[in-house]
Amino acid sequence: MGLTTVLVALMAGFGLAVYTGLGLVRHLHDGATAGAGGTTDPVDLHPLLRLPGSIYLAAGGDLLRLRGDGVTAVLNHDGSRRWMQPAVAADGSVVVVARSAESSDLYRSAADGGGLQRLTDDAAAPLHGGSLERNHWAFHPRAGADGRLWYSYDAPKAGFRVDLAVWSRPAANAVATRWSSPVGYTGGDVEPVPLPSGGVVYARYVIGAGSEIRSQLWLQTGPRDPGHALTTTDDDCSQPDLAPGGGTLAMVCTQGGQGARVEVVSFDGRTLGTPRVLAAGSLCAFPTWAPDGSALAYLAPAPGGGDFTLWWLAGAAGATPSGPRQVLEGVALDATSRPAWAP
Amino acid sequence: MATNQRRRRRSGTGWPVTEGVATRRRRRRVLVAVLVIVGFTASGLAGAVAYFLPVLATSLGATGQSVVGSLGNRSPSDHDPFTVLLLGSDDDAKFVPGHLLTQSMILVRVEPATGHVTMLSIPRDLYVPISTGGSAKIDTAYANGGAATAIATVEQDFKVQIDHYVWIGLRGLVNLIDRLGGVDVVTTNPVLDDFYPADLAGGDPYAFERVAVMPGAQHMSGLVAMEYVRSRHDDLREDFGRSERQQQVLLALRTKAHTVGLADLPDIASALKGEILTDMSLRDVADLMPIASGLSLDKVARVLLLPPYTSDASVDGQAVLQPDWDRIHARVAKSFP
Chain X
1 MGLTTVLVAL
11 MAGFGLAVYT
21 GLGLVRHLHD
31 GATAGAGGTT
41 DPVDLHPLLR
51 LPGSIYLAAG
61 GDLLRLRGDG
71 VTAVLNHDGS
81 RRWMQPAVAA
91 DGSVVVVARS
101 AESSDLYRSA
111 ADGGGLQRLT
121 DDAAAPLHGG
131 SLERNHWAFH
141 PRAGADGRLW
151 YSYDAPKAGF
161 RVDLAVWSRP
171 AANAVATRWS
181 SPVGYTGGDV
191 EPVPLPSGGV
201 VYARYVIGAG
211 SEIRSQLWLQ
221 TGPRDPGHAL
231 TTTDDDCSQP
241 DLAPGGGTLA
251 MVCTQGGQGA
261 RVEVVSFDGR
271 TLGTPRVLAA
281 GSLCAFPTWA
291 PDGSALAYLA
301 PAPGGGDFTL
311 WWLAGAAGAT
321 PSGPRQVLEG
331 VALDATSRPA
341 WAP
Chain E
1 MATNQRRRRR
11 SGTGWPVTEG
21 VATRRRRRRV
31 LVAVLVIVGF
41 TASGLAGAVA
51 YFLPVLATSL
61 GATGQSVVGS
71 LGNRSPSDHD
81 PFTVLLLGSD
91 DDAKFVPGHL
101 LTQSMILVRV
111 EPATGHVTML
121 SIPRDLYVPI
131 STGGSAKIDT
141 AYANGGAATA
151 IATVEQDFKV
161 QIDHYVWIGL
171 RGLVNLIDRL
181 GGVDVVTTNP
191 VLDDFYPADL
201 AGGDPYAFER
211 VAVMPGAQHM
221 SGLVAMEYVR
231 SRHDDLREDF
241 GRSERQQQVL
251 LALRTKAHTV
261 GLADLPDIAS
271 ALKGEILTDM
281 SLRDVADLMP
291 IASGLSLDKV
301 ARVLLLPPYT
311 SDASVDGQAV
321 LQPDWDRIHA
331 RVAKSFP
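Chains as they are written, first to last, in the numbering used here: chain X, 1 to 343; chain E, 1 to 337.
Just chain X, same shape as in the assembly:
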């Protein structure tokens, strides 16, 4: 009788173990494949490579700083603001986007996240009946060497049309200037990169020959200059970054497909040379030059198709760059946020 009771208990336990075990398998599988937005606590992150300077990254709404052997959270998200798209100014301060549900604003902070200062006010005051369209988006900030702030901003708007245009404003002057006139209903002009000459290169979305939307790198020398294309619609290039010295440009090109590769190309201030592909076969995003121009960092999924993480390409500007090397693991980086690399 005693043995029978034990056996029955064991059988029941086995059934429960099968049920729990299947759940455990799923849990482990979930951990291995990493869900959307999962971010490891920064204090647990240790880079696989030690890179010079500081690299600011966005993950799960937080702004992280990779420096030496460790990662720290510089700005943490809260219920209403998620931090993204950092940019480093010449004085070492950081300009960053705070995204809310209906709008986004630009902020400036010290390198460690202190002294947070709001630069734009894009949230509309609540109105009777609501008026969502009075809100605005500000994205892709860049700080020019002259202190000028560049960004993409969704004004002017009209009805259903909401397109981003390239804007700039002097640091000491709150009056902003619209530089570009986006092609309507394409999403507009984004990711401005100020040039030493005073002009700007940005990604412009246009309608291609087959009625598809493609991006082109576009050069403008002044606010009223219509500008001209640096790349073709077939190339479908975007996310430009100019190497220190201004002679080489890094970008992402997709050829209209679902692959995105990192290319570098010489730039004489007016035209581009012949591009070289440095990373392909993955979904690459936002190549970003090291402060000394010796290497590129960019975002791409971890091996096996995991979350986006940070990769490094040594000698990117030279004739024989090294192969890509993974810098971080165990973190889900926001692939819509360019890394910002400070000395």
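Derived from the structure by calculation, the hints contain no laboratory data. Glycine residues also receive a C-beta, built at the ideal position from the N, C-alpha and C atoms.
List of simulated lysine to aspartate or glutamate pairs, DMTMM-like, C-alpha gap at most 25 angstroms:
#, chain 1, residue 1, chain 2, residue 2
1, X, Lys157, E, Asp199
2, E, Lys334, E, Glu111
3, E, Lys334, X, Glu212
4, E, Lys256, X, Glu329
5, E, Lys299, X, Glu212
6, E, Lys94, E, Glu238
7, E, Lys256, E, Asp287
8, E, Lys94, X, Glu133
9, E, Lys299, E, Asp287
10, X, Lys157, E, Glu238
11, E, Lys256, E, Glu111
12, X, Lys157, E, Glu209
13, E, Lys299, X, Asp234
14, E, Lys256, E, Asp298
15, E, Lys299, E, Asp80
Computed list of chain E residues with no C-beta within reach of chain X, every gap over 10 angstroms:
#, residue
16, Gln103
17, Gly294
18, Ala319
19, Asp326
Got chain X sorted already, so can you dock chain E onto it with the hints?
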């Protein structure tokens, strides 16, 4: 030695008495062992059944839907080319259950032997003869007769043979993508919309919200993927742009098929409860998974019925797309032989 001799004494039945007892004991032990094995097996099966109960419940409710009409007989397990009609509907509180418009209609032809796939998006505003009578936008076919009418209308107008259909609701797509851990997509452009329906968060189903999906390669949650494929106001190509984005996310989903393990199925089934319907059997679905995960992007042809296949028109004051059937039939005959 004497003891052994005693053990060898035979009983009247011809068997040694002590061996008969031993045999009985042995049989009893075997019986007990069998009972224990059966008990553990039954208990383990019960545990597995309890775990997979949501899958069974959802599968029974969602698959094997009967369709009045003539669906083709080709199934993924036959290794012959087959055609699936994918239907997607807004199914929030604005709509009456059972009378849902289809926001998305995609004809997919799969050739298992070669791995070639053709996706043809049918614009929701396409003005067509409906199989039950009269003409209307094609998105009303599902609302006025369910899958049977939608299938019959597409078969009749496009001159194709549809073998299967799959219908999925808004929340179903969001939940499915989230349960698969999100999807990786290279978005075509910034997708900005000040009048995006705020109907998934509860509250007023007629309210709007602002969305901004960033351009470029990224990892999307279910909600962002839904915003990307559903937004239509700030796209010069209107519904065609949306169709292209839907095809992109659909193809991104295929890469997730190989990450789905058996143990994931209950969660996925729970996420899809009431949000997916198909005529395919469980076996068809199981056969489809390896085909989907093995698809190569360079073997996928994506077709949008842009002008000159269609042209803007107005019928009874409503903006519609007028089909050029000669061109469309020639294109369909080529892609869906």
